[in-house]
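Just so you know, the sequences run in chain order A and B.
For the first sequence, our numbering begins at 1 and goes up steadily by one.
For the second sequence, our numbering begins at 1 and goes up steadily by one.
Since the hints were derived computationally from the structure, they do not count as laboratory data.
Check the hints yourself; a few may be wrong.
The calculated EDC-like cross-link candidates involving lysine to aspartate or glutamate, where the alpha carbons are at most 20 Å apart (straight line), are [stated by the list, open to error]:
hint, chain 1, residue 1, chain 2, residue 2
1, B, K68, A, E277
2, A, K466, B, D66
3, A, K541, A, D565
Facing chain B, according to a computed beta carbon distance under 7 Å, are these residues of chain A, among others [claimed, not checked]:
hint, residue
4, N462
5, V467
6, G585
7, V587
Chain B regions said to be covered by chain A (calculated; three or more residues, Cβ under 8 Å) [to be verified]:
hint, region
8, 26-34
9, 40-47
10, 81-94
In this text, a Cβ means the ideal position worked out from N, Cα and C, and glycines have one as well.
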Amino acid sequence: MELKQKALFVNLSTGTVEKKVLRETLRRKFLGGRGIDAYILYSYIKPGIDPLGPENVLSVGAGFLVGSGMPCGSRTHIGAKSPLTGLFGSANMGGDFAPEMRYAGYDHIVITGKAKNPVYLWIKDDDVEIRDAQTLWGKNTWETEQLIHEMDGDQEERVMCIGQAGENLVRYACVISPPKNAGGRTGMGAVMGSKNLKAIAVRGTKGLPVYDPKKLLDLRAELTHRILKSKAMIACGTYGTMFIFSTANTAGQIRVRNFQLNQMVNGQDLEPETFHENYSAGPVACVSCPIHCRHKYVVPLGEYKGTITEGPEYTYLGAFGTEVDNPRLDVVLTAGHLSNLYGLDVLEYGSLLSWAMELYEKGLITKEDTGGIALEWGDPDIIMGMIEKVAKREGFGDILAEGPERAIKKLGEDTRYYNINIKGLSGLHSDERSVPSFALGIGVSTRGADHLRSRPALDLLNLPKKVLENLYQFEVVNNYQQYETKGKMIGWHEENYAVSDSTGICKTISTFFSPHLFMFKDYARMVSEVTGLRITEEEIKDIGRRIYTLERLFNIREGASRKDDYLPERFYVEPTTTGQEINRGKVIEREKYDMMLDEYYDYHGWDREGRPTPETLKKIGLENVEGWKLL
Amino acid sequence: MKKRECNRRPTDGEEEMSVRINIHPNLYQFTNDQAIVKVNGSTLGQCLDDLVKQFPQIKQGLFAKDGKLLSYVEIYVNQESSYPEELAKPINDGDELHITLMMAGG
Chain A
1 MELKQKALFV NLSTGTVEKK VLRETLRRKF LGGRGIDAYI LYSYIKPGID
51 PLGPENVLSV GAGFLVGSGM PCGSRTHIGA KSPLTGLFGS ANMGGDFAPE
101 MRYAGYDHIV ITGKAKNPVY LWIKDDDVEI RDAQTLWGKN TWETEQLIHE
151 MDGDQEERVM CIGQAGENLV RYACVISPPK NAGGRTGMGA VMGSKNLKAI
201 AVRGTKGLPV YDPKKLLDLR AELTHRILKS KAMIACGTYG TMFIFSTANT
251 AGQIRVRNFQ LNQMVNGQDL EPETFHENYS AGPVACVSCP IHCRHKYVVP
301 LGEYKGTITE GPEYTYLGAF GTEVDNPRLD VVLTAGHLSN LYGLDVLEYG
351 SLLSWAMELY EKGLITKEDT GGIALEWGDP DIIMGMIEKV AKREGFGDIL
401 AEGPERAIKK LGEDTRYYNI NIKGLSGLHS DERSVPSFAL GIGVSTRGAD
451 HLRSRPALDL LNLPKKVLEN LYQFEVVNNY QQYETKGKMI GWHEENYAVS
501 DSTGICKTIS TFFSPHLFMF KDYARMVSEV TGLRITEEEI KDIGRRIYTL
551 ERLFNIREGA SRKDDYLPER FYVEPTTTGQ EINRGKVIER EKYDMMLDEY
601 YDYHGWDREG RPTPETLKKI GLENVEGWKL L
Chain B
1 MKKRECNRRP TDGEEEMSVR INIHPNLYQF TNDQAIVKVN GSTLGQCLDD
51 LVKQFPQIKQ GLFAKDGKLL SYVEIYVNQE SSYPEELAKP INDGDELHIT
101 LMMAGG
């Protein structure tokens, strides 16, 4: 069915639009979404280019199963060379944008060049126009969506856009599909801003042809039943992704005061039950999702008090709560809404602000650096107010807007030790010092210090060893504080999540949360039965490995190597001090980390510098990667 | 990490069973650092009651105020999740239980 779907190429410099059918051979290699985006970025981006220059390529991809009716098939992937890391840029969002793209006939929208003036891309089925957006410039994401609806006279079109942060080239500006769907990481909003592209609005009325309608409906019912039999998904549906906060905080696996503590002892207000009882106005869901992990809530404070919005995510609790030592949920909820309006990556902002607060506490920066602002822990005015300053690059916000590596250069090398970033991407609010597998996962991730490339949550659960070994098909050490076998575990999850992101099925229903949820064989079955493209479990494993390896090759081409796969120094030298007894006094042991790294490279078929070997490239069909035929 | 086993002797009138509960490491603080505890019971609820009888403090790590298992606690019986039967799930002699905590960490 989807084999006739197209990629839309839009050159903003020349104003030309071209449509190309996505070949079946490409599907067999990369499926769609993140996978085909990886192919597009590797093929079309020349190494060494300025990510904020017109030569960068932005690819918006719909997963191969998006909009087909498969459970949780809603995800949009957005890729480009990252202006934050200089490496493979990759963001992913839920909602309903990608299904609408597919119903208009397009699985990928590839943007090149730069418009002379602000524009937005308007798509309605076969009609595509580059429209003037000068009246939208300076507007926040919600205002932008509403104005586009009014200008186009169509409330049904779906919009992804940037706020002021993207316009001002904040290096971690995100893409928002209102009200809260965020393609958050690696600065894809800044890439849009650099191209003078304020938004993409799409309306599709074609639908998707179905390969075998009865089989699709039967499979959908079977999989939905399986999802709703999972206790993790029931908890997620009740409390949202916040449901894991209590256990993580009690254990002592949360970043507090930047990286000084690993448990927030006064964090009761941040518990999911507090939100559920006092703030939630009911659950909502992305397209085709039976879980409903997000909630509506009323913004409790400030200029937008009383506005109904959606969220919050678990990560809000860290970025606006624990990392900056703020125990107030009303501040967290308000800050989350503001970030979405301005179009800022929540995780990046929280990590950088908490770093600046620690620098201020230690006297490494003063009011002279901050423009007279006292960066005190937990100050609601700072936490909420600095969002606007960063988005508009005002005062000290202009320094934080540059992201970790450039901000370190501005504030001095003596501030580096306190900054938590890997490959130029800030870490989230989890503290990985007591969980070596998690630490390795953020160390080696192709997009920097990020958990969604591999996090093997199953390692923490205390599952029966046989359950884990049946899943992984290799021996595992079933103890989350041990290092052995964790390299292989990370490699396995990287490949599984690469497949998940390329089908566009939300990884909430993957092995992220439960060993009984989706993995390779399930994705192979869905692709085969829904699209008619017969793919085996072994073939889909190879697809995951191919995608991950290609992202690695992109980074190697930009100069990355083994040296970039290590953790910030604090992980090795500062023991954890709080939380449960078994998680105290923990650091990541350097020698054992190296052992995990070697095991991880071996799993992928990479050499000791982390370069894929010629044999590996040949085995997964990437041996002629430099001479590929372009779309 | 400590890995000790608790071999409780049955009290008078109790029939000895060999149901073993693997404790989640984050709950060791409630079991005197014991990783495995032997219990009696013909349902999961009875087995957990026996666990709580031996280690009363662990109740707060397992049960909500309404007496149900906490939303993030999932018990495996052998290699299968006990959800949705949970406390009513029948337990046989020789079964092995695992207390798992859902804590994805981000």
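We went through each hint and held it up to the structure:
no.	hint	result
1	B/K68 / A/E277	holds (18 Å)
2	A/K466 / B/D66	violated (32 Å)
3	A/K541 / A/D565	violated (23 Å)
4	N462	holds (4 Å)
5	V467	holds (5 Å)
6	G585	violated (12 Å)
7	V587	violated (15 Å)
8	26-34	holds (count 3)
9	40-47	violated (count 0)
10	81-94	holds (count 3)
Hint compliance for this structure: hints 2, 3, 6, 7, 9 are broken, all remaining hints hold.
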